[in-house]
Every structure is written in structure tokens, then in C-alpha cells.
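2 protein chains.
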Amino acid sequence: MQVLVSKLHWEDFSPGRVFEHGPRRVTREEIVGFAAEFDPQPMHLDEAAARGTLLGGLSASGWHACGILMRMCTDSFVLNSASMGAPGVEEVKWLRPIRPGDQLTLRATVVEARTSKSRPDMGFVRFMFELFNQTGERAMTLTTSLMMSRRPA
Amino acid sequence: MQVLVSKLHWEDFSPGRVFEHGPRRVTREEIVGFAAEFDPQPMHLDEAAARGTLLGGLSASGWHACGILMRMCTDSFVLNSASMGAPGVEEVKWLRPIRPGDQLTLRATVVEARTSKSRPDMGFVRFMFELFNQTGERAMTLTTSLMMSRRPA
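Residue numbers (our numbering), protein chains in the order written: chain A, 1 to 153; chain B, 1 to 153.
One or more hints might be untrue.
Identical copies look the same in the list; a pair holds intra-copy or inter-copy alike.
As a list, the in silico SDA-like pairs of lysine to any residue whose alpha-carbon atoms are at most 20 angstroms apart [unchecked claim]: (1) Lys93 / Leu54; (2) Lys93 / Met128; (3) Lys93 / Met147; (4) Lys93 / Thr141; (5) Lys117 / Pro42; (6) Lys93 / Thr143; (7) Lys7 / Lys117; (8) Lys7 / Leu54; (9) Lys93 / Ser145; (10) Lys7 / Gly52.
The set of hints was computed from the structure by calculation and includes no laboratory data.
Turn these sequences into a full structure, and let the hints guide you.
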């Protein structure tokens, strides 16, 4: 696999470094479309049914929010990096409903960077991802570690 | 909100209880379609590019796997329960690639059930969700707690 040296490598992800992206508008059509395919619960499909739920109105599936966050990460820095993917997710918190028309902004903060004992050509970069809505409220947080190639010597 | 007493309530989710669902086939078209919208990295879009990555071939985005797992949960028991949603996710592990043509099976195990101190009408049910492929390998695990209405007295 060709790795362009100009891409961001493990060495570029110093703890405290922040990447931002957005705003990205969420439409009713995509909320309902995602839910119909992956999470067909009333609060993600129908305004009237959603009013009687904890969310208090039509809101995106939490998994849709994860997908939107991933896409904003890809567009922000992942495609311009030597990322090798992630082995999983440490934690997700859905803090506030995401409504039709919301404008989401991503903040990705490098929390920790460590080398790999078994693979000297890569390291781990632990991120705290935050999604904010248009009023500055935090709608979601997600913590995970990406595997990242180290810069060739 | 009308709650049908015949639905599964918090009291029905005893630790150790297992729900199973599937198999559910995953197609190349849906893998590429999901990736194009939410996770446009080469290993989820293009067979040739994917061969040079850690996944070793075209594989579903981990977020797509989460969506499939959620849909299998909804079809298995969530829509037949008094679930009020989840505040987040405790942990996700992507253990093996999910390939075009894979047949996935879900196993949902109740790990813990506890009441809510602040809301006596609901409780929490902690689940361990596992996705297996057609050869019985565990492709993914996910741990989370659902908020569940208690059965009216």
C-alpha cells in the first residue's frame, strides 16, 4: 500500500490537537430514511408517536448520529491520514436529541497517543469526539482509538 | 403513551435471558452504499484498495455493523418491548471483518437488570450483544443498557 508522506501520521496527533468540521445540516428525510432501514422505532419515524416518548419529538437514531459523526471525521481528517481503522469504540453518550434541521459541528480532540508494542510501524491515537448543535449544546460524545501508521523514518 | 401490558417490560429481562435472531445476509451493495454515505474509506468501498488494508478485503464499516445489529435487535425484541431507548453505549468491539455475502446471527444476553432511583416507573437492562458470522465466528460485540418501563402494578 502506498502511503503518502504528506498525509497525517501518528506523529502528527499530539495530545491536545483539535480538528473541527461542519456545520452539517440534518434533514427529516435522512432521519426517517436511516431509521426505516436500521432503527424503526416510533421516535425516529413519526412526529406524533415521538411526542409521547422520552425524546419528546422526532429525533435521529443514536446510530444515525454515529454515522454522521463518522462521516464528518472522514471529511475532516481521516481520509487525509494514515489511519488503519479502529478495533472498536470505548464509549458513546447520546446527550441530547438530534432534530430535523439541526446544524451539527464536530470537534475531535486528541486525548492520548501511544506506540504499539507488537507493531512498531503503527501507534494508537485516542480521540474524544464531540457533536454540538446550532445552539452550542453538546448532543453526543464518543471516545475511541484509531490505529495510525507511523511516519517512515 | 399507551403501553400494552402484553409487551415485554423490565420485569421480563432476567439476567441470563437470551434473545436470538437471524440469519441476516449482508450484500456488497449495502456495504458500499452505507460506506459511500457514512464512512467513505477505501476498505469499505473498493475491493482492490481494500486488499492492501488491515481488513484484507472489502468489509462493512463498523458503523454499518452497528446499524445491522440495531435492526436485528429491533426485529428480535425491541419493538415488542417497553424500551425507552438508551443513553449511550458502553463498549463496541469489531473482532472480525464482515464481508459481502456473510450471514449474521444475533445473540442478545441480559447481563444485569437494575431499577432506577430517580424514576420508579422504569429500570435499566444491560445487554451483551454478539454478532456471529456463518462459520460461527464472533464478528462483533456491543454492551449497552436500555431504559425499560416497569410493568404497571
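TODO: Have a look at lysine 93 and threonine 143 and pick one of within, between, both or neither, based on CA distance no larger than 20 angstroms.
DONE: both (9 angstroms within a copy, 13 angstroms between copies)
Open item on the list: At most 20 angstroms between alpha carbons: which applies to lysine 93 and serine 145, within, between, both or neither?
Closed with: This pair counts as both: shortest intra-copy Cα distance 16 angstroms, inter-copy 12 angstroms.
- [ ] Classify it for me, lysine 7 with glycine 52: is the Cα-Cα distance of at most 20 angstroms met within a copy, between copies, both or neither?
- [x] For lysine 7 and glycine 52, only the inter-copy Cα distance (17 angstroms) is at most 20 angstroms; the intra-copy one is 48 angstroms.
- [ ] Pop the pair lysine 117 and proline 42 into one bin, within, between, both or neither, using alpha-carbon distances up to 20 angstroms.
- [x] neither (47 angstroms within a copy, 27 angstroms between copies)
Open item on the list: I want to check one pair: lysine 93 and methionine 128. Are their C-alpha atoms no more than 20 angstroms apart within a copy, between two copies, both, or neither?
Closed with: This pair counts as both: shortest intra-copy Cα distance 11 angstroms, inter-copy 17 angstroms.
Open item on the list: If the cut is 20 angstroms between Cα atoms, do lysine 7 and leucine 54 qualify within a copy, between copies, both or neither?
Closed with: between (44 angstroms within a copy, 18 angstroms between copies)
TODO: Check lysine 93 against methionine 147 for me: Cα-Cα at most 20 angstroms, and say if that holds within a copy, between copies, both or neither.
DONE: Between copies only: 14 angstroms across chains, 22 angstroms inside a chain, cut-off 20 angstroms.
TODO: Can you give me the call for lysine 93 and leucine 54, within, between, both or neither, at a CA distance of at most 20 angstroms?
DONE: within (16 angstroms within a copy, 28 angstroms between copies)
Open item on the list: When Cα atoms must be at most 20 angstroms apart, do lysine 7 and lysine 117 count as within-copy, between-copy, both, or neither?
Closed with: neither (23 angstroms within a copy, 50 angstroms between copies)
Task: Identical-chain pair category, lysine 93 with threonine 141, by Cα at 20 angstroms - done: both (5 angstroms within a copy, 18 angstroms between copies)
Hint check: violations occur at hints 5 and 7; the rest are consistent with the structure.
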